[in-house]
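Peer 1: Taken in order, these protein sequences are the chains called A and B.
Residues -5 to 200 (the numbering used here) make up the first sequence, in order.
Residues -5 to 200 (the numbering used here) make up the second sequence, in order.
Treat the hints with care, since some could be wrong.
Copies of the same chain look alike in the list, so a pair counts if it fits in one copy or across any two.
[As the list claims (entries may be wrong)] Here are the simulated lysine-lysine pairs, DSSO-like style, with alpha carbons at most 27 angstroms apart:
id: 1; residue 1: K154; residue 2: K192
id: 2; residue 1: K83; residue 2: K192
id: 3; residue 1: K154; residue 2: K191
id: 4; residue 1: K71; residue 2: K191
Hints are computed from structural coordinates only; laboratory data are not their basis.
One-letter residues, chain by chain:
2 protein chains.
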Amino acid sequence: MKSYFIKLLSIVMLCVGITNTVLAQNTKENTTTPTKDAITTILNRKSVREFTGKMLTNETLDTLAKAGMAAPSAMNKQPWVFILINDRKTLNLMADSLPSAKMLYKAGGAIVVCGDQKKNIAGNELFWVEDCAAASQNILIAVESLELGAVWTGVFPDNKKMATVRTILEIPSDVIPLNVIAIGYPSGKDVPKNKYKKENIHWNKW
Amino acid sequence: MKSYFIKLLSIVMLCVGITNTVLAQNTKENTTTPTKDAITTILNRKSVREFTGKMLTNETLDTLAKAGMAAPSAMNKQPWVFILINDRKTLNLMADSLPSAKMLYKAGGAIVVCGDQKKNIAGNELFWVEDCAAASQNILIAVESLELGAVWTGVFPDNKKMATVRTILEIPSDVIPLNVIAIGYPSGKDVPKNKYKKENIHWNKW
């Protein structure tokens, strides 16, 4: 009778072990795959200007463009065009020519978010700026989600910067580059700011 | 001896029960709290215009404003101000007065994202539009993350809409309302669009 109970006890203990291992693996998977929730990712996002130099794959840039295209747009015009860059020479040429984008020398890629003026809404010729800014923000959050880093460097409405980007990337005249988003593997030096300010909130009226 | 093993077995079985309950609760928490990863959340986000009428708490609106304030801004000027609304009468008054915001009758709240013109950068008087659009997009993603729904309804640069919102919310003259984001508990009728288009991507140059 004693040995019967010892066997039964062994089986029960084995079951405990298997069950806990399976549950523990599920729990571990939730913390090691890129599954930080969206709000945590939004709060962790920071402007990253220091990169290791490792290049981004086409697949990564395509994933980021897909996130950009998921933004809303006025009247669903989707006025954006994305130039995805992971050619070292092009990145270096842009770094040479744009004073505010020197981080491109060490970036692994870049996305230039452009507004197609043929998709403008008559009477609201600046909606493309809002739509492309929303798409750009989607890209920045997706970058953080992939544990990469990025910084949004402005191009529009600076005539000199717009001309420089247009020339290097051969952008047609009816398309305006809004920004150059430098993207790469962070060196780890950049950290998020806490920008929560009670004075920037009003309740129910001013 | 037999009763000793029965007692021991009972204790082991109790431990199994407690351990599995604790682990199961952890696992459950990971699926019911907002823990979808950020890219999935970005792709799931949709414009939600059909709400149940249930009101949003102050805490929820504050969380969304915090997400908004985590956006980047040109020269870190943070030119945004958020008017958080969960007063039924104010929501109804806005729905009465704004032709494109009738969904506010059933929304549980709203955020009006405004640009403080005192924080403008000389020579770049439209950067606030990009900054506030990026903040708005953060709010929309945070809304999706909380399993709520939202739709961005434009206000700027429509003079009539700007005057209406300014009057109802008593917004001072040096602050411009960019949009009204209607937020609420979705009725489940709105679904995400797949807006990925290969023709909106160029590689390394146009």
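Peer 1: Give a verdict on every hint.
Peer 2: Structure-based check of each hint:
1. K154 with K192: neither (38 angstroms within a copy, 29 angstroms between copies)
2. K83 with K192: between (45 angstroms within a copy, 24 angstroms between copies)
3. K154 with K191: Cα proximity of K154 and K191: none, with 35 angstroms in one copy and 30 angstroms across.
4. K71 with K191: Between copies only: 13 angstroms across, 34 angstroms inside.
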